[in-house]
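Letter by letter, the chains look like this.
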Amino acid sequence: GNSVTQMEGPVTLSEEAFLTINCTYTATGYPSLFWYVQYPGEGLQLLLKATKADDKGSNKGFEATYRKETTSFHLEKGSVQVSDSAVYFCALSDKAAAGNKLTFGGGTRVLVKP
Amino acid sequence: KAGVTQTPRYLIKTRGQQVTLSCSPISGHRSVSWYQQTPGQGLQFLFEYFSETQRNKGNFPGRFSGRQFSNSRSEMNVSTLELGDSALYLCASSTGTGGSLSSGANVLTFGAGSRLTVL
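Heads up: the protein sequence lines correspond to chains C and H, in order. Note that the working numbering numbers the first sequence so that position 45 is 45, with each residue one more than the last. Every number in the working numbering is 1000 more than the matching position in the second sequence, counting from 1.
There could be a bad hint or two in this list.
[What the hints assert, rightly or not] Facing chain C, according to a computed beta carbon distance under 7 Å, are these residues of chain H, among others:
id : residue
1  : Ser1031
2  : Gly1042
3  : Glu1048
4  : Ala1112
5  : Gly1113
Calculated directly from the structure, the hints in this document are not laboratory data. Since this is a predicted model, take the numbers as computed values, not measurements. Just so it is clear, CB atoms sit at the ideal spot from N, CA and C, and this is done for glycine as well.
Generate coordinates for the entire structure from the input sequences, incorporating the hints supplied.
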């Protein structure tokens, strides 16, 4: 079956530091990959996505590249802000399967200190 | 445009009771999915509805059920509540029919969730 593994947190950083959150996946099909972010007390918001190998998703200074050879989709941001403090979820959907089911990783809590 | 609306936002129930949660998707979205979020198990897929039909179902007991109406609004019901059902229940809607390599990513838009506490 499909699964997503991401690094456990919490990750504590200082403002303007470089952020990397590792994400690897296992899929029987050919998945689309996503990063969602959850701020305190809120639902999930789509951060970025990639649908095929070597695609780079980017948004709000965050980037992730779909690496089929290493089955990875690591999230990076060059200079974090306090407002980036949140929980980040890596997820996949199997394009070959019917429906819109997402398989999520366990989430990584990021805390950015001023 | 309005986002995904979930009601109620918070509720407290006791063991053995049942609960119904509601989700209004973004206008034009025909797919509605439900997820359970707990600290221990993370985000787990419950079920997905598309055009009033359940298209996918996760590994949850039969106490968890759902339905979708002709206007795409969806409800989920949990009967005979247990303490372990305490969770944030998230609804997500999508335009995509899914299942096609040509359709691209199936982007889900999530609501803020309904937080259920079972005492």
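Practice task
List in ascending order the numbers of the hints, as given earlier, that are violated by the structure.
Solution key: No numbers; nothing is violated.
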